[in-house]
Structures are given as C-alpha cells and as structure tokens.
Amino acid sequence: MFKYHISNNKNLLFYLIISFLILILIYNNNLAKKTYKIISIDFNDRINNIYGFCGNESVGYLKYIKKNYNIKNNLKIYDYTVHASSAWAINNPQNKFIDNKFILLNYPEIYDIKFYNDNKGLWHKNRDIQYSKGINYIYFDLNKTNIKINGSIEIIKKSLNKEKIIHSFKINQIINNKQKIYENYLSNDLNSRWDPVYLRVKLMDKRNFKYISSISVNLKNILDINKFKIINKFENCYYVSK
Amino acid sequence: MYQNEILLITCEVIFILLMLSVPVNLLSKNKYIILNDSSLIDRLLINFIVLSNILLLSSIFNIQTLFILLGYVILIFYIYIIKSSSIKKKNEINFSYLIIFFIIILISIDLSYELFFGWDVKWHIYFKAFHFQQNQSFANLINLPINDYPHFGGVLWSFFWKYPFNDYEYLGRISYVVIYILSIFSITEILKIDFLKSAILSILLILITYEYDLLSGELDILVFSYLLIATKFINYFFEKKYKKNNNLIFIIILMIANILCWTKNEGLFFIIFLFISLILTNILEKKQIFFLIIGLFIIILFRYGSMEAIGLKHNPIHYELDRTLIFNFSDFLYRTKLIFFYLPIYLIQNILYLIVLPVLGYLILKENKDKRVKLMTLFLIIHFIFIYFVYFFKAVDIEFTIRNSMKGFLFCTLGFYIYALIIYMDKKIALINKN
Numbered sequence: 001m002f003k004y005h006i007s008n009n010k011n012l013l014f015y016l017i018i019s020f021l022i023l024i025l026i027y028n029n030n031l032a033k034k035t036y037k038i039i040s041i042d043f044n045d046r047i048n049n050i051y052g053f054c055g056n057e058s059v060g061y062l063k064y065i066k067k068n069y070n071i072k073n074n075l076k077i078y079d080y081t082v083h084a085s086s087a088w089a090i091n092n093p094q095n096k097f098i099d100n101k102f103i104l105l106n107y108p109e110i111y112d113i114k115f116y117n118d119n120k121g122l123w124h125k126n127r128d129i130q131y132s133k134g135i136n137y138i139y140f141d142l143n144k145t146n147i148k149i150n151g152s153i154e155i156i157k158k159s160l161n162k163e164k165i166i167h168s169f170k171i172n173q174i175i176n177n178k179q180k181i182y183e184n185y186l187s188n189d190l191n192s193r194w195d196p197v198y199l200r201v202k203l204m205d206k207r208n209f210k211y212i213s214s215i216s217v218n219l220k221n222i223l224d225i226n227k228f229k230i231i232n233k234f235e236n237c238y239y240v241s242k
Numbered sequence: 243m244y245q246n247e248i249l250l251i252t253c254e255v256i257f258i259l260l261m262l263s264v265p266v267n268l269l270s271k272n273k274y275i276i277l278n279d280s281s282l283i284d285r286l287l288i289n290f291i292v293l294s295n296i297l298l299l300s301s302i303f304n305i306q307t308l309f310i311l312l313g314y315v316i317l318i319f320y321i322y323i324i325k326s327s328s329i330k331k332k333n334e335i336n337f338s339y340l341i342i343f344f345i346i347i348l349i350s351i352d353l354s355y356e357l358f359f360g361w362d363v364k365w366h367i368y369f370k371a372f373h374f375q376q377n378q379s380f381a382n383l384i385n386l387p388i389n390d391y392p393h394f395g396g397v398l399w400s401f402f403w404k405y406p407f408n409d410y411e412y413l414g415r416i417s418y419v420v421i422y423i424l425s426i427f428s429i430t431e432i433l434k435i436d437f438l439k440s441a442i443l444s445i446l447l448i449l450i451t452y453e454y455d456l457l458s459g460e461l462d463i464l465v466f467s468y469l470l471i472a473t474k475f476i477n478y479f480f481e482k483k484y485k486k487n488n489n490l491i492f493i494i495i496l497m498i499a500n501i502l503c504w505t506k507n508e509g510l511f512f513i514i515f516l517f518i519s520l521i522l523t524n525i526l527e528k529k530q531i532f533f534l535i536i537g538l539f540i541i542i543l544f545r546y547g548s549m550e551a552i553g554l555k556h557n558p559i560h561y562e563l564d565r566t567l568i569f570n571f572s573d574f575l576y577r578t579k580l581i582f583f584y585l586p587i588y589l590i591q592n593i594l595y596l597i598v599l600p601v602l603g604y605l606i607l608k609e610n611k612d613k614r615v616k617l618m619t620l621f622l623i624i625h626f627i628f629i630y631f632v633y634f635f636k637a638v639d640i641e642f643t644i645r646n647s648m649k650g651f652l653f654c655t656l657g658f659y660i661y662a663l664i665i666y667m668d669k670k671i672a673l674i675n676k677n
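For the protein sequence lines, the chains are A and B, in the order given.
No gaps in the numbering here: position 114 of the first sequence is 114 in the working numbering, and each next residue is one more.
No gaps in the numbering here: position 180 of the second sequence is 422 in the working numbering, and each next residue is one more.
To be clear, the hints were calculated from the coordinates, so they are not data collected in a lab.
By construction, the Cβ of each residue, glycine as well, lies at the ideal position given by its N, Cα and C atoms.
Please note that a few of the clues may not be correct.
Claimed, not checked - Selected chain A positions facing chain B (Cβ under 10 angstroms, derived; list incomplete): (1) Lys10; (2) Ile24; (3) Asn30; (4) Lys33; (5) Ile38; (6) Ser85; (7) Asn161; (8) Ile165; (9) Asp195.
Only chain B is shown next, with the shape it has when bound in the complex:
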C-alpha cells in the first residue's frame, strides 16, 4: 500500500515531541528553581533524558515498552486535558519555536532519503534495535553480534521505530535528529539573548556540523548530543543562584552519565573526564563531589553488574593484548608518528574544530582565571592524552583504524568544545552590554 512518508515523518516528529512534553511539568517549580528559569528546549531535553533512562531501565528489566507508552499517554492526558486550564494561564507559546520543528522535519527528510547504515550499524547496532523492536529480552542480547557493546542506541531507535507506526526503521532514527537539533539549540541559550538571535547561531552550527553520516545509525551523534546537554547543565554550576539549589542539576547530569555509559564505551570515559575536570575546577562543595563520585560509581557498577548477570563479558578479542603490547621502539615511533600525522588532519577536516580550538586557545591565554575556561582546559588535556592512548594500543592495523574511526571519535567530543565558542561569545556580549 502506498504511504505518504512525508506525512509519516511529520507525525513521528510530533509524536516524539509530545513524548518529550512530560514529565518535568509534574515537578514543583518552587522546589527546583532551575525549572523557573528553564526554557522550553531545556524542559524538552530534561524529559528526553528522563525518557532515555526509563527506556534503558525497561530494556534491562524486560519491561514491555507498551506499558511505558501507556504511562506516557495517561500522563499527557492528565496534564494537557485535565490540567489544561492552568497550563494555558501560566504558559505562553512562542511560535518562533516552530523553527526547530521545521528544521527537525528537514533533517528527517534527508534521513529518509539517504537511508544507508554505517559499518558498525550493519555489523551490530541495527541488530540491537531490531532485537528490542521485536520485544526481545535483555538476556537474549547474548545471541547478537558484538553483544558486549552498550545497547542504548538500539533501544532508543527501536522505541520510536515501533511507536506509533511500527513501519520503516528510519522513523526510529528521527529520535537521533530530535536530540541533535535540540541539544544545539540548547547550548546557544547559554548566551541569554533573544531566541531568534540564538536560533541564528544554532542553525549556523547545524549547517557546519550536519552531514547524513551522523544519522547513519552510528552512535557518535548521541554521544555528541548528550555531552552537549551535560555541558549545558554543568554551565548552571557557574551561576551564583545555582550554587546551593542544584540537586536537580546533579540528578540530570548523573542521568546523562548513565545514558552515555550505555551508549558507547567511549561515552563512559568522556563523562569520567568531564567529572574529573569539574572536580578539579574547584566549584563544587565536598558533599557535592562525594555525591557525584558515588553516583558515577553506582552507574558503572550497575552497567558491568547487569552485563555480568546475563553472562555478557568484554570480549578480550577486541583488545588482543598479546598483539598490542608486543612492540619495540620502532613500533612506538611508528604508532606515535601515525597518530600525530592523522590527528591534525581529522581536526582540520571538521570546520568547527578549526574554529573552536583556536578560540579555546585564546581563552586559555587571555581568560585563564575564568573557571569555565579552567574546566575546558582540563578536559582538553585529558581528552587528547586519551586519544593518543586509544589509538596507540589498537591491536589491528593502526592506520586503518585511525582512518575509519578518528573522524567519528573526534565528533563525539565536539559538543563539549562548542562550549568554548559559547564562553567566548558570552564574554563579548557582556562587554558590549557593559559599554
């Protein structure tokens, strides 16, 4: 039967946005002051993070996704039908936000035309999405290829593939488009300028970063987006009024850490680096640092514990330590030379890195007393040491690995480095306002 796919795409986007409209509305704005200041995009993203965690946990504890959908339907019905009168009085709708909706539709059209999967997607990620789309259990993951690889990307994809239409697989990947676009619009809101002005910057960032490869099912875009959202919420720590009343921010950041931990192995490292940088920046109290470390410890323990419970162990073949660790001095030079040769090439290939790294360099030189710059500097150092060691200890042909993965690997953290551009612009805007 002929179906109008454009209509399906539009309905899918509306469905996703509707799912993202709850449940943060249920929280008291008096208790959590961040909710008073948060924009529509922030609230959508908090809801996305909550939904991501619900979907992740439901996949691990084998809860039928239909129950989650029903729960959301009841919640939406309760908030928007029963409590609708109070909402209308309190909230006003800025129709400029339709720009975001329109951009999501445009990128989704590109997705539905291009369709092709990345290498890893054909190899194992698609099977994970298909697995959960077929209501298979967490324990059955053991039958899949590369089963020790985190499965959250597949869970998110499968949920929106299955609901509401259970039709084309790419409809599930529209959720990746939504989080990508929303995260970019969110980070530019740090600038505290009109929505239209920040929208211009956001669209420019999308124009620079977007290419279909990001949506080919590979998980780099999720790591990029969640890191960007984490950065946005970490930025609240640098504002005076959130020094104390920031419990919700901590919970959101830990929820993002949990998702990153189940999205990609690198995701776990990036969030650890972010936490280390945050702790070393000296903006948190001891109690908060303790809360962060314990939270991260529980997240890591939960991930490895639950994988261990169903017999999923990290496959030592991935590391091939016997091959990796046997090398002489010429190997050391060869590997180092390759890494230092290709790293600048892939940094230059991404135009945004070409902008944000010099900006960060400028900030390190001129604004090094700013704690946000200190945070970025620490992350930069740890990140680049990590890149070196990741590729240095690759067992397979290093040049081949670098050429196939470094671009995506660098893209994952690009979200965090965009923060440098935002800090720079924030300072310039403050200077203009002062004068």
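Same shape as in the complex, but just chain A:
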C-alpha cells in the first residue's frame, strides 16, 4: 500500500500558499482564456492568428499555397519586410528548390519609401528596403503648394558606427507638392537587413524644413510582378511563375 501523506494544519497552510501562487501563475499568463482558445480554435487557425495569413510573416498563405497546389519541393520566398525567413513553414532543407515558381510576400506594387525628419538633421525610413535595384524618382510631401529648394540630399548607410554615403544629389529648383524628381540611380546598396539607411538633407534656407512633411523615394524593384505569370494572389502575397 502507498503511504498517503495526510495534511496537518501546517501543511494545509502551505497548500493554500501554493494554490494561491498557482492562481497567480494562471492569472498572470491568462491561462484560463488560453485553455478555452486551445479547445475552441483549431491549431492552423491559431498559427494564422499569430503569423498572419498575408502580412507580417504570412505563414498562413505559405501553408495554403503548399496544400492547395500540392507542392512537394521547396519554393523560394521573397519577403519585402525584414524578419527571419518564413521558409520554415513550408520548406524542407533536404528537398530541391523549384526553379520557375516562387512566392512574393509583402510585395509593394508601388515601391515608395517615406523618410521622416527626426529634427536632428536626419530623415528615417518608414519601411524596410529589400530587393531594390536603385531609384526611379523622389518627391516631397509638402504642406504648401510649392517651395524653393536649394540644397543636397545624401543617402547614408551606417555600419559598425561608420557612415557610408551611398548616393547624393543636389536640388536647386521650385518644387511642387509630390512633384517627381527623376534620379536615375542603379545599385543594390539600398537593400539592408541590419544596417540603418537614412537621409541627410541640407537646405540653404532651413526655414523650408517646416514645409516638408516627408521625402519619398520610389525604388526600382528587382522583381517586377508584371514580368511574371500570377498563379495566385491574395492582397500583397503572390505565387508566381516565370
């Protein structure tokens, strides 16, 4: 026979304290709600809720494509936002890659990067830059119909606390709101996973800064969607073939 430990009063107190602490653990981590959700929501739906169907890491879309198109081998995934690759959701490193089909995630149909003034002389971007091969044009978002701009813009990449000017250009003209200033620049240097890319803008008349809400740079896209056959599209997620 097993010997049961019968609680005396002292033990009862300890059990009460332990129960209280376990309740704190349950409350702190919302475990009652989570238990309910685990019971009521299917695993795949929970995955979609966490990683997004299309947007963020788009794991839901990847799984959907793999299942619906019965894909056995690996697909190349081009994600226009910077996070760890979502390849884990569908690919097996032991399999071969399919050459002529691939997936584009968070694909920007209009590849505009907006830079905002930090009021310390630098302008910081609003989204990641991936798979760009240069600049088409830039434009200014003004809170005025037009202004005279006389100055220069430097595009800077910072690595190991060292700045590198990857491109610079001068402007000396009257600019209308959203007027395109064509700047034919070809380079992959703008793409960056870790190193910050920002602008340094110098104006002769510093009072003009207050009229510029943001500076937008329209980028050349390495992967032009118009050159591929779209097999499946959901919002900014594409499954395409060459």
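Since the structure of chain A is provided, determine the placement of chain B on it from the hints.
For chain B alone, kept in the frame of chain A given last:
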C-alpha cells in the same frame, strides 16, 4: 480531424515523465550513496541527463530513435511490471509532487497557445528539429542553414515531437518545459526543508523567471536548466559525505558538460568557466581535477572531431575577423561605452538578477570564507569578463546585437546565480535552526 489538444498535452507530459523514470533505478544504491539521498526530482533529472546523452549520441551515430524508444519501453516494462512488487515495498509516493505535474501542464498550455518561434528558431533551430524528426542523418546536417551550430536542442525537440504522437511540433518543446520546471524544483531542494516549503520557493522562482519567449524554441532555457542542474550536483561536493564517494556526481556533471557543449556555443564556455571556478575553489583532489580536465578535453575533442568528420567547419563569416579587429581607439571607447550602458539595463530588466546579484555581493562581503561563495565569486568574475569580450568583438552592429541577444545571454547563466540566493537562505535557515 478534431483533436483535443489539452488531452494530447497531458499525455505528452505523462510520456516524458515516464521516459524519465528509468534507468537510474537499475543502479545499486549501496554502490552510489548519492542515490540513497537523492529525491524523486534528482532521479528524474539524472534520467533526463542520461536520456539527453543517449539522444545526442544516437543523432551523431545515426541510430534510429525508434530503437531507443523500444529500449525504454522494455526497461520500463521490466522495472515497473516484473520488479513492481519490490518497488512498492521500498518506495512511498508523495502526492505533493503532483504540484510539479500540474505546473508543467499549465506552462505547456501557455506554450501550445502562444506557439511563435524566436528569430534563431525560424532561421535554423526549427530546421534541425525537423531534420531529426524526419530521421535524417547527422551527415545531412550539412544541408541546413547555420549548420555549424550545435544541434542538441533540435534533437531533444524532435524526439518528443515524434513520440508518442508525431503531431504538433510544440509537443516536442514540452520537454523544454519539463527540464525547466524540474531544474528549478531541484535547486531549491538544496535547502533541505519540506517539499511543500521548497515548492513555494520554486513556484516563486518560476513566477519571476517564466515568460513564453523562453519556450519559443530558443536554446537559452536549456542552457539555463542544465547549468542549474550542474550547480545542484556540484553542491554535493561541498557536503562531507560526498568527499570520497562521488564518482557518479562526476559522471553526471561531465554528461551535463557534454550536453551543454552540443546545445549552444556559449554553453561550452559556461561549463569551462564552472570547471575552472570549481578547480580554483580547492575542494577537489588532484585525481578528481585530472578526471574533470580529461573528461572535458574528450568532450570538446569529440564535438569538434565529429563535426569535422562530416565536413562541418565553423563558418568564419560569423566572426568576420577582418571587420572585427580593425578598430581604432574611438571604436574601443564606443564599444566599451555601449557594453557598460546596456549591461546594467538588461540586468535590471531581469528581476531575479536584481535580487541574486546584491545577495551575492552580500555573501562576498560577509561570507567570503565559504567555499561555495568562492566558487560563485570566481564564476562571476570570469563570466563578466567573457560578456565584455563577446560583445566587444562582435562584427555586426554592436548595439543591434546587444539589444537582440543580451537578454537571452544573461538568462543562460541566471540558473547559476540562483545558487547565491539558495546559499543565503541555507545560511539563514541554519542560523534559525541553531537558535
């Protein structure tokens, strides 16, 4: 088909605990006196360490995990069915241990809801788990991303993912929950107080340290837990009755060293620091020091030798020495400033560090004759020098690296520093008992 995941989680936890119930029972308690004194948690942890080593070696020598499972099934059948009558007579079951089971289930529920992977997990650790879940060979690791990174975390994950259900990946990660919870319950047993009292302290430690990020597949939690277990067993060296009869403790510690060596690159350094501190504490005999050094040497040789054998070499890109070593004096100041700026921030962010470091400081000032305090002091010094150099020589943006990794890096060794709190409480309890 709809599955009740709560039931699956419960069955998975029972399966893991069943796997951890053998094989230490086969050892003679007369030959290894530590087994006479060891608690149920200690025995479970020794079995965990044995199983970890078996799984690691099977992954390296391409032994099918099914054979390991079968071996365990036969062993469990033999011990609990054939020899069951003798077990019942000798052992009594303390049902208070169900508290541990319940906490493991609760944390596993959190895991199964949150699900998301950490950055490194998506990048390479998940692929390693998937690799072994698919019965792939050690040599094929070469096809994986970051293939020179130790793979044990993936091996452990894959085994419990595959068995018994071969279903959701997170079931494999429940093994991380089990070792995390058991290691915390184990360290508080040093206090030699009732289980219920030590359970209160353990749950408090869990409340302070637990957050889902630890279970996102990152390996910090394994390093934390194995270091905590190593600390627990090292503590036996400070007890008089284990001065001589401690062969099993040495073997356990070396097995932990082997696992840490294959879990994370930092794990190898931490165990070396622990061994150096232990040797400099002057509690070991020359023969024991020799045994420890030779053991560690074989472990390191085996790791690098077996990786070399399949063509896995450390990728020099990780170090980028050409970028790292070219710096001038302003760089030196910049890097140093960043490290000294962020280190206190991340120490403060972890409430437990905020408790254990002042306690350790108090012990260093007031109890510096205690050899356990000497051990901790030596480890503290080596560890903080190591932190400085690790971040100083990072090739990529240091600030970015610190912000992304320092929290996890500090968490790995937190397990060892909890020991300071335990020593402090041990002394206070001894004082109370004396009065």
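Status of each hint after checking the structure:
1. A hinted interface residue such as lysine 10(A) counts as satisfied when its beta carbon comes closer than 10 angstroms to some beta carbon of chain B; here the least separation is about 9 angstroms, so the hint holds.
2. Using the Cβ-Cβ criterion of 10 angstroms, the hint placing isoleucine 24(A) at the interface with chain B is satisfied: the shortest such distance is roughly 6 angstroms.
3. With 10 angstroms as the threshold, the beta carbon of asparagine 30(A) comes within range of chain B, its nearest partner Cβ sitting at about 8 angstroms, so the hint holds.
4. A distance limit of 10 angstroms between C-beta atoms decides the matter here; for lysine 33(A) the minimum to chain B is near 9 angstroms, and the interface restraint holds.
5. Taken as an interface hint, isoleucine 38(A) checks out: its beta carbon lies about 5 angstroms from the nearest beta carbon of chain B, inside 10 angstroms.
6. At about 7 angstroms, the closest approach between the beta carbon of serine 85(A) and any beta carbon in chain B falls short of 10 angstroms, and the interface hint on this residue holds.
7. Satisfaction of the interface hint for asparagine 161(A) is found here, the shortest Cβ-Cβ separation to chain B being roughly 6 angstroms, below the 10 angstroms cut-off.
8. Violation of the interface hint for isoleucine 165(A) is found here, the shortest Cβ-Cβ separation to chain B being roughly 18 angstroms, above the 10 angstroms cut-off.
9. With its C-beta approaching chain B no nearer than about 7 angstroms, aspartate 195(A) sits inside the 10 angstroms limit, and its interface hint holds.
Checked against the numbered hints above, the structure breaks only hint 8 and satisfies the rest.
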